[in-house]
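Assemble the whole structure, with the sequences as input and the hints as a guide.
Okay, so the sequence shown: first residue is 1 according to UniProt numbering, each after it adds one.
Hints listed in this document are in silico derivations from the structure and should not be mistaken for laboratory results.
For clarity, every value in this text was computed on a predicted model and none was experimentally measured.
Don't be surprised by glycine CBs; every beta carbon is placed ideally from N, CA and C.
Heads up, a few of these hints could be off.
Quick list of in silico lysine-lysine cross-link-like pairs, DSS-like style, CA-CA up to 30 Å [stated by the list, open to error]:
id, residue 1, residue 2
1, Lys430, Lys367
2, Lys367, Lys395
3, Lys118, Lys47
4, Lys171, Lys281
5, Lys429, Lys281
6, Lys47, Lys171
7, Lys136, Lys101
8, Lys327, Lys427
9, Lys327, Lys430
10, Lys50, Lys281
11, Lys367, Lys427
12, Lys429, Lys407
13, Lys407, Lys395
14, Lys47, Lys101
15, Lys123, Lys101
16, Lys228, Lys171
17, Lys50, Lys395
18, Lys429, Lys50
19, Lys123, Lys281
Restraint ranges, calculated between C-beta atoms of paired labels, are given here [what the hints assert, rightly or not]:
id, residue 1, residue 2, range
20, Cys399, Pro258, 12 to 22 Å
21, Glu254, Arg296, 18 to 28 Å
22, Arg372, Arg321, 22 to 32 Å
23, Arg53, Leu301, 30 to 40 Å
24, Thr222, Gly125, 17 to 27 Å
25, Arg194, Asp164, 15 to 25 Å
26, Asp164, Lys298, 45 to 55 Å
27, His329, His139, 40 to 50 Å
28, Arg404, Asp8, 43 to 53 Å
29, Lys118, Met163, 23 to 33 Å
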Amino acid sequence: MKKHQRLDYRNKLILAPMVRVGTLPMRLLALEMGADIVYTEELIDLKLIKSIRRPNPALGTVDFVDPSDGTIIFRTCPLETSKVVLQMGTSDAARALAVGKLVQCDIAGLDINMGCPKEFSIKGGMGAALLAEPDKAAHILRTLCSQLDIPITCKIRILPDPMDTINLVQKLAATGIAAIGIHARTRDERPQHRPHPDVLRAVASAVDIPIIANGGSREMHTFEDLHKFQELCGADSVMVARAAQLNVSIFRREGVLPIDEVIDKYLRLCINYDNAPHNTKYCVQSILRELQETPRGKRFLQCQTLQQICEIWHLGDYCRRRQQELKDHGNAGRANVILSECLNNKRQKLDLSEDAMEEYEGVISRKMAFLRSTYTSDTQLPKTVLYVHAGRLGKQPPCYETQRCDKLFRAICSYDGQRYSSSFWEKNKKQAEQGAALVALLELGQLNEKDLYDNGSLIS
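Following this line, the structure appears as structure tokens:
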């Protein structure tokens, strides 16, 4: 049962759901800047339903982890529990309900994406595909509203005919949802097209539930512009996407902050909550925009690790200290799954005998990710370095054996009478072999553990 008050969607400034943007650091920064409610990026039901809920004491977070490779699907913390809405992509009421039951104690609300026009969503029967199936959309919402303890919402786009939009919203409102977010463009319109606030105004006057207006970022440059768009649409609240992606301090009543100050605040949150480097880089790129072409911007574009990014904004020492603190406290970061649980899952999926599993577990193993982007030439690749090392010592070259589970791979490197492996499951065979070679080089003293930890290869 929720311990905080039920979320109210009236008179709110809301961070919109944005893929790759709406992760924990950006959500927390939006709240710090003045947002009242923050939405996660769209998370697909099929990924969430197989995840493991894992408290992470080192970070003070709750992580929902993919047991196949240890990656974080959704990370949240108490600072946002009463204000975070998880947006889910789904086309099935039963799956949506299962996910809702899994996550409802850690979020303030659940939103169903019914407006995303991207091909991936539509082919899966999700997002804007649900606009063409109003009965199915209503069934999903009704199922969630009747069986979960948190408010349910959905986010749609307007239909070409305003009257059809009103009829759809009335049908969805009748399911018991707490509010509805409406992007003021049709499925086929893009940001360069002007929004249709008049349609939202007509919808708002036709239903009793809160209407959350979205789609006005092109005209949003200041805090005051947020409320102008809300009033133009006759909406109860306003949801901000692109304008917040470019400078999240647009939620700040006192005025927007310089981008370097925004980036500094954002990077500190990324450090504190062990955010994935590729996600951090994407968000900083969005803030920099044309400044990526400056000397500093070009240097930033070469970065592959969080440490490297932080050095540019003079946060290198802070990043090193925090990463060491997390390591000392046992944080597994982007792989926060107890290893034995992962191995048990693999044992069941691969149907390995106990003898085979004991042989596999007997190798020297470290959780080592192979990051191809950190190697500037093929001669630096772990397999090549290990091969050359063996040749210099006059030893037999290493050989590799690989196991596959679904679409993931794990390899064992045999060299000089010893076997080495990374316990990190990779996306292909070549990467798995490189990870095993990394472990061998580390154990043989040919690599520096600190460097591997700094560049993100050494996960735990």
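Now the hints, each set against the structure:
no.	hint	in the structure
1	Lys430 with Lys367	17 Å, holds
2	Lys367 with Lys395	26 Å, holds
3	Lys118 with Lys47	18 Å, holds
4	Lys171 with Lys281	41 Å, violated
5	Lys429 with Lys281	27 Å, holds
6	Lys47 with Lys171	29 Å, holds
7	Lys136 with Lys101	20 Å, holds
8	Lys327 with Lys427	25 Å, holds
9	Lys327 with Lys430	28 Å, holds
10	Lys50 with Lys281	28 Å, holds
11	Lys367 with Lys427	15 Å, holds
12	Lys429 with Lys407	10 Å, holds
13	Lys407 with Lys395	33 Å, violated
14	Lys47 with Lys101	15 Å, holds
15	Lys123 with Lys101	26 Å, holds
16	Lys228 with Lys171	28 Å, holds
17	Lys50 with Lys395	44 Å, violated
18	Lys429 with Lys50	24 Å, holds
19	Lys123 with Lys281	29 Å, holds
20	Cys399 with Pro258: 12 to 22 Å	55 Å, violated
21	Glu254 with Arg296: 18 to 28 Å	27 Å, holds
22	Arg372 with Arg321: 22 to 32 Å	28 Å, holds
23	Arg53 with Leu301: 30 to 40 Å	36 Å, holds
24	Thr222 with Gly125: 17 to 27 Å	39 Å, violated
25	Arg194 with Asp164: 15 to 25 Å	20 Å, holds
26	Asp164 with Lys298: 45 to 55 Å	49 Å, holds
27	His329 with His139: 40 to 50 Å	45 Å, holds
28	Arg404 with Asp8: 43 to 53 Å	50 Å, holds
29	Lys118 with Met163: 23 to 33 Å	27 Å, holds
In the structure shown, a violation is registered for the earlier hints numbered 4, 13, 17, 20, 24, in ascending order.
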